[in-house]
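*Asks:* Given the sequences, and given the hints that come with them, work out the whole structure.
Under the working numbering, the first residue of the sequence shown is numbered 1, with each subsequent residue one higher.
Among the clues, some could well be false.
In silico DSSO-like cross-links for lysine-lysine, where the CA-CA straight-line distance does not exceed 27 Å [as the list claims (entries may be wrong)]:
{"#": "1", "residue 1": "216", "residue 2": "148"}
{"#": "2", "residue 1": "137", "residue 2": "111"}
{"#": "3", "residue 1": "146", "residue 2": "178"}
{"#": "4", "residue 1": "181", "residue 2": "148"}
{"#": "5", "residue 1": "141", "residue 2": "178"}
{"#": "6", "residue 1": "141", "residue 2": "216"}
{"#": "7", "residue 1": "181", "residue 2": "146"}
{"#": "8", "residue 1": "137", "residue 2": "178"}
{"#": "9", "residue 1": "146", "residue 2": "111"}
{"#": "10", "residue 1": "178", "residue 2": "216"}
{"#": "11", "residue 1": "181", "residue 2": "216"}
{"#": "12", "residue 1": "216", "residue 2": "146"}
{"#": "13", "residue 1": "170", "residue 2": "181"}
{"#": "14", "residue 1": "227", "residue 2": "181"}
{"#": "15", "residue 1": "148", "residue 2": "137"}
{"#": "16", "residue 1": "170", "residue 2": "137"}
{"#": "17", "residue 1": "170", "residue 2": "148"}
{"#": "18", "residue 1": "93", "residue 2": "137"}
{"#": "19", "residue 1": "216", "residue 2": "170"}
{"#": "20", "residue 1": "227", "residue 2": "216"}
{"#": "21", "residue 1": "178", "residue 2": "148"}
{"#": "22", "residue 1": "111", "residue 2": "216"}
{"#": "23", "residue 1": "141", "residue 2": "170"}
Simulated restraints on C-beta separations [stated by the list, open to error]:
{"#": "24", "residue 1": "199", "residue 2": "238", "range": "17 to 25 Å"}
{"#": "25", "residue 1": "110", "residue 2": "193", "range": "35 to 43 Å"}
{"#": "26", "residue 1": "68", "residue 2": "105", "range": "20 to 28 Å"}
{"#": "27", "residue 1": "178", "residue 2": "229", "range": "25 to 33 Å"}
{"#": "28", "residue 1": "181", "residue 2": "159", "range": "24 to 32 Å"}
It should be emphasised that the hints constitute simulated quantities derived from the structure, not laboratory data. Where a beta carbon is used, it is the ideal one built from N, C-alpha and C, also for glycine.
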Amino acid sequence: MLREKTDRIVIRSRISTPAKVLITMVGVATFMGLLFAAYRYGYSEANYNWHVADQTTEDLKNDLELMTQENEDLRTSITQAQRQLQIDQAAYKELSASLNVSSAQITELHKELKFYRSIISPSGGGSGVQIQDLVIKPTEKADIYKYKLVLIQALRHSEEVSGTVGFEIKGSNNDRPKVVKYPGSSVSEIRVNFRYFQNLEGIIDLPPNFSPEEIKVSVSTRGKSKKSQITERIYPWPVA
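*Replies:* Shown next as structure tokens:
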């Protein structure tokens, strides 16, 4: 096959060396400009972020200091409240103790007032020697008891009375009824001598294996007028 001949002529322009250098320098300058712009943008963003971070840290530090101060204030308030509570509790205990003492004193005064009223104006309206009260309590020793007897002379106080006191204790000994008199023949009699009232205290010694059930108090008195009086009263055992 024969190739067809053609008369087309191709013309190519050639860039001179100075132009190439100029183009290269422009390209490099453009690249450097873009790189510098990117650097400035990144630097600006970094400074902004650091500024924001610093501001946030400062705000957090301020919040922490405020919360710390509030915490200290609350601790101080709690400590003061606890101290005030302790003071109030101590004052309450002291006041309560004072009230208890006052209440006990008032109760005792009421008893004394009632006692003296019974001497001046007895509720039963009777006059003369009366058995006001009897208390019997056990001791550390078996079959031995302490007694406290209160006698009064109601309404009639013009003269002193004198006499004796005796006890009769009813009970059982080995399931058999028995009465024990006190004081017995081996114990001195219990003497009384008073115008208004008299307190008697002593010991009652019961036989072994004796089970008391009740006690009768007998008071035999005589005044200057030689008129005698016998007063009796029965209490269940024990009397306390």
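*Asks:* None of the hints should be skipped; say for each whether it holds.
*Replies:* Evaluation of the provided hints:
1. About 14 Å separates the Cα atoms of residue 216 and residue 148, which keeps this hinted pair within 27 Å; it holds.
2. In summary, the hint linking residue 137 to residue 111 is supported, as the alpha carbons are separated by about 20 Å, within the 27 Å threshold.
3. For the suggested pair residue 146 and residue 178, the alpha carbons sit about 21 Å apart, so the restraint of at most 27 Å is met.
4. Our distance criterion of 27 Å between C-alpha atoms is met by residue 181 and residue 148, whose separation comes to about 17 Å.
5. For the suggested pair residue 141 and residue 178, the alpha carbons sit about 21 Å apart, so the restraint of at most 27 Å is met.
6. Between residue 141 and residue 216 the alpha-carbon distance is near 23 Å, which keeps this suggested pair within the 27 Å criterion.
7. Taking the CA atoms of residue 181 and residue 146, the gap is about 15 Å. The hint holds against a cut of 27 Å.
8. Taken as a hint, the residue 137 and residue 178 pair is honoured in the structure, with Cα atoms around 21 Å apart against an allowance of 27 Å.
9. Restraint check for residue 146 and residue 111: satisfied, since their Cα atoms lie roughly 22 Å apart, inside the 27 Å limit.
10. A C-alpha spacing of about 14 Å is found between residue 178 and residue 216, which places the hinted pair at or below 27 Å, so the restraint holds.
11. For the suggested pair residue 181 and residue 216, the alpha carbons sit about 10 Å apart, so the restraint of at most 27 Å is met.
12. With a CA separation close to 15 Å, the supplied pair residue 216 and residue 146 stays within the 27 Å bound.
13. Restraint check: the Cα-Cα separation between residue 170 and residue 181 comes to about 9 Å, which is no more than 27 Å; the hinted pair holds.
14. A distance of roughly 25 Å separates the Cα atoms of residue 227 and residue 181; the hinted pair therefore holds under the 27 Å criterion.
15. Pair hint residue 148 plus residue 137 holds up; C-alpha atoms about 9 Å apart against a cutoff of 27 Å.
16. About 17 Å separates the Cα atoms of residue 170 and residue 137, which keeps this hinted pair within 27 Å; it holds.
17. Between residue 170 and residue 148 the CA atoms are separated by roughly 19 Å; this keeps the pair inside 27 Å, and the hint holds.
18. For a cut-off of 27 Å, the pair hint linking residue 93 to residue 137 is broken: about 33 Å separates their Cα positions.
19. A C-alpha spacing of about 8 Å is found between residue 216 and residue 170, which places the hinted pair at or below 27 Å, so the restraint holds.
20. For the suggested pair residue 227 and residue 216, the alpha carbons sit about 23 Å apart, so the restraint of at most 27 Å is met.
21. With a C-alpha separation of about 23 Å, the suggested pair residue 178 and residue 148 falls inside the 27 Å cut-off, and the hint holds.
22. Restraint check: the Cα-Cα separation between residue 111 and residue 216 comes to about 24 Å, which is no more than 27 Å; the hinted pair holds.
23. For the suggested pair residue 141 and residue 170, the alpha carbons sit about 20 Å apart, so the restraint of at most 27 Å is met.
24. Distance hint for residue 199 and residue 238: a CB-CB separation of about 19 Å, consistent with the stated range 17 to 25 Å.
25. For the pair residue 110 and residue 193, the beta carbons lie near 29 Å from each other, so the given range of 35 to 43 Å is not met.
26. The beta-carbon spacing between residue 68 and residue 105, approximately 55 Å, falls outside the hinted interval of 20 to 28 Å.
27. A C-beta distance of roughly 29 Å is found between residue 178 and residue 229, which places it inside the suggested range of 25 to 33 Å.
28. Distance hint check for residue 181 and residue 159: the Cβ-Cβ separation is about 29 Å, which falls inside the suggested range of 24 to 32 Å.
Going down the numbered hints, you'll see the structure goes against 18, 25 and 26, while the others check out.
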